[in-house]
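As a plain string of letters, each chain reads:
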Amino acid sequence: DGGITQSPKYLFRKEGQNVTLSCEQNLNHDAMYWYRQDPGQGLRLIYYSQIVNDFQKGDIAEGYSVSREKKESFPLTVTSAQKNPTAFYLCASSSINFYNSPLHFGNGTRLTVT
Amino acid sequence: KQEVTQIPAALSVPEGENLVLNCSFTDSAIYNLQWFRQDPGKGLTSLLLIQSSQREQTSGRLNASLDKSSGRSTLYIAASQPGDSATYLCAALRGAGNNRKLIWGLGTSLAVNP
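Chains as they are written, first to last, in our numbering: chain A, 1 to 114; chain B, 1001 to 1114.
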């Protein structure tokens, strides 16, 4: 079955360490997205990519970095510059024709930084 | 600035009831309105997408309507079941090209009691 795989499900890191969250999709979607979800706040867009080797900053890109070397993969690195990294991170993908194509989400990675 | 509001924030109903979840948006210039379901600790699952030229979409016991002029969408769930218990989020797509953006509501947490 096609879908989006995020790993790991839970991640624990010490403050000051960089950490990379994995996102792989086999839906043949061109566009991929990273969102952050915090209690009491709507989903916030971190980065998105419409094609391989190209990506754009979302609303809260500071302290994060991404790469898109393959169509299937869109890893997110949470750097030590991110002031409040503890959150639930969601990866999504969609057809490039996003006007009538919904987002497909992975099951998320819960990152805890202490 | 586009804002999306979901009312109520939480809802508890007995099994079998028909119910309506509300989503309002401040800017009527949207391209589509999407409804998602999120189970605790999981990613989002797309339920229905209504394009701006459409009035409603149906899938099984779910029916979503869109009234752009009044800035409202409703998700109707018929004959609710305990398995419908989840958080329901709506999101409005605005902008075009690289400026397109999904604006998210905070969700309605639904509990269907047996």
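Treat the hints with care, as some may be off.
Heads up, simulated PhoX-like pairs for lysine-lysine below, C-alpha to C-alpha not over 20 Å straight-line [unchecked claim]: (1) A:Lys-57 <-> A:Lys-83; (2) A:Lys-57 <-> A:Lys-70; (3) A:Lys-14 <-> A:Lys-70; (4) A:Lys-71 <-> A:Lys-57; (5) B:Lys-1042 <-> A:Lys-9; (6) B:Lys-1042 <-> A:Lys-57.
Hints were generated in silico from the structure; no laboratory data involved.
All values derive from a computational prediction rather than experimental measurement.
- Query: Within a Cα-Cα threshold of 20 Å, do B:Lys-1042 and A:Lys-9 meet the stated pairing?
  - Reply: 10 Å, holds
- Given the hint that A:Lys-57 pairs with A:Lys-83, test it: the Cα-Cα distance must not exceed 20 Å. Within the cut-off at roughly 17 Å; holds.
- Message: Check the hint pairing A:Lys-57 with A:Lys-70 against an upper bound of 20 Å on the C-alpha distance.
- Response: 18 Å, holds
- Message: For A:Lys-14 and A:Lys-70, compute the direct alpha-carbon distance and say whether it is at most 20 Å.
- Response: With Cα atoms ~29 Å apart, A:Lys-14 and A:Lys-70 exceed 20 Å; violated.
- Item | Restraint status (C-alpha distance of A:Lys-71 to A:Lys-57 at most 20 Å) | Holds, at about 18 Å.
- Holds or violated: B:Lys-1042 with A:Lys-57, Cα cutoff 20 Å? 25 Å, violated
Comparing the model with each numbered hint stated earlier shows that hints 3, 6 do not hold.
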